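Modelling step: build the complete structure from the supplied sequences, incorporating the hints.
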Amino acid sequence: MAEKSVKITDEDGQITISEEVVTSIARIAAEKVDGIARSSKTVGGLKSFFGGEDTASTIKSEFSDDGVHIELTIAVEYGYPVHEVAQGVQNNVQKDIEEMTGIDVLGVDIYVKKVIPVVTEKKQDSPPEN
Amino acid sequence: MTKEEAREKGNVSISQEVVTAIAAIAASEVDGIFHREEGMKRYVDTEVEGENVKVTVRVTLVYGNSLYKVAKEIQTRVRTEVEQMTGLQVSGVNVDIQRLVTPEEQQLNKKEEE
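So the sequences go chain by chain: A and B. Each residue of the first sequence is one higher than the last, beginning at 1 in the working numbering. Each residue of the second sequence is one higher than the last, beginning at 1 in the working numbering.
Hints listed in this document are in silico derivations from the structure and should not be mistaken for laboratory results. Predicted model, so just to flag it, every value in this text is computed and none were measured. Mixed in with the good hints, there may be bad ones.
Computed list of lysine to aspartate or glutamate pairs in DMTMM-like fashion (alpha-carbon distance at most 20 Å, straight line) [what the hints assert, rightly or not]:
hint : chain 1 : residue 1 : chain 2 : residue 2
1    : B       : K72       : A       : D104
2    : B       : K72       : A       : E11
3    : A       : K60       : A       : E11
4    : B       : K69       : A       : D12
5    : A       : K7        : A       : E31
6    : B       : K72       : A       : D10
7    : A       : K7        : B       : E49
8    : A       : K7        : B       : D96
9    : B       : K72       : A       : E62
10   : B       : K72       : A       : D96
11   : B       : K69       : A       : E99
12   : B       : K54       : A       : D10
13   : A       : K7        : B       : E73
14   : B       : K72       : A       : E84
Next up, the structure:
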């Protein structure tokens, strides 16, 4: 796969932002949204969290002359309104990429693939034994 | 690959390694960069041609900052310090942002190194 990147050149030299960096921003921005299911809540959170799949297949960044187009596959925690979570992801991803890189985000396509039941929080709700 | 500076008392030459080390330390001082200065040198390339030097820095940055601003700061600081400390002219500083880490990962990394 060809390495894609955005290059900004001026008299100081050239600044290159790799596709991996844009994808990382999208991943971290998406992760901040309430209701996004993470398969592993490791510190750093850069591990795969979209239903335990390889993240490389779940976030795609496509560069063009005008900006970048993002595609994300997400899993939503049970109980959250799916479309609101998806919209939250769209907003966060667009805002973070534009603020941090200056690259225009042309669109953020979301594919909600799974709903994940939340196990840990259900335990607190269950009545004490006996 | 060295700077030859003709003087009345003799020649002063500065090795490429010195230029690279200065650029590496300068870059590692910028806020928002992930590397510590000891490990930074292998991410820096310098090309010295006569009085001119071109620097390329490959960096991992920390999420949350404006990457463009951090890159600009790296360019400014590397240029200033290399020029002040070597007398060479910096023709350009290329900043190649390759990876991004979260602030939590940066904290973990710092703890491991301590």
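Hints, one by one, checked against the model:
The suggested pairing of B/K72 with A/D104 holds, with an alpha-carbon distance near 19 Å, which does not exceed 20 Å. Note on B/K72 and A/E11: the hinted pairing holds, with a Cα-Cα distance of about 11 Å set against a maximum of 20 Å. Taken as a hint, the A/K60 and A/E11 pair is broken in the structure, with Cα atoms around 32 Å apart against an allowance of 20 Å. The suggested pairing of B/K69 with A/D12 holds, with an alpha-carbon distance near 13 Å, which does not exceed 20 Å.
In summary, the hint linking A/K7 to A/E31 is not supported, as the alpha carbons are separated by about 27 Å, beyond the 20 Å threshold. Taking the CA atoms of B/K72 and A/D10, the gap is about 10 Å. The hint holds against a cut of 20 Å. For a cut-off of 20 Å, the pair hint linking A/K7 to B/E49 is broken: about 24 Å separates their Cα positions. For the hint pairing A/K7 with B/D96, the CA-to-CA distance comes to about 9 Å; that is within 20 Å, so the pair holds.
Distance check on the hinted pair: B/K72 and A/E62 sit about 25 Å apart at the alpha-carbon level, beyond 20 Å; violated. Proposed proximity of B/K72 and A/D96 is supported: the alpha carbons are some 19 Å apart, at most 20 Å. Between B/K69 and A/E99 the CA atoms are separated by roughly 10 Å; this keeps the pair inside 20 Å, and the hint holds. Restraint check for B/K54 and A/D10: the C-alpha separation of about 14 Å stays at or below 20 Å, so the hint holds.
Under the criterion of a C-alpha separation no larger than 20 Å, the hint pairing A/K7 with B/E73 is consistent with the structure, at around 17 Å. Our distance criterion of 20 Å between C-alpha atoms is broken by B/K72 and A/E84, whose separation comes to about 37 Å.
Hints 3, 5, 7, 9 and 14, counting from the list given before, are not met by this structure.
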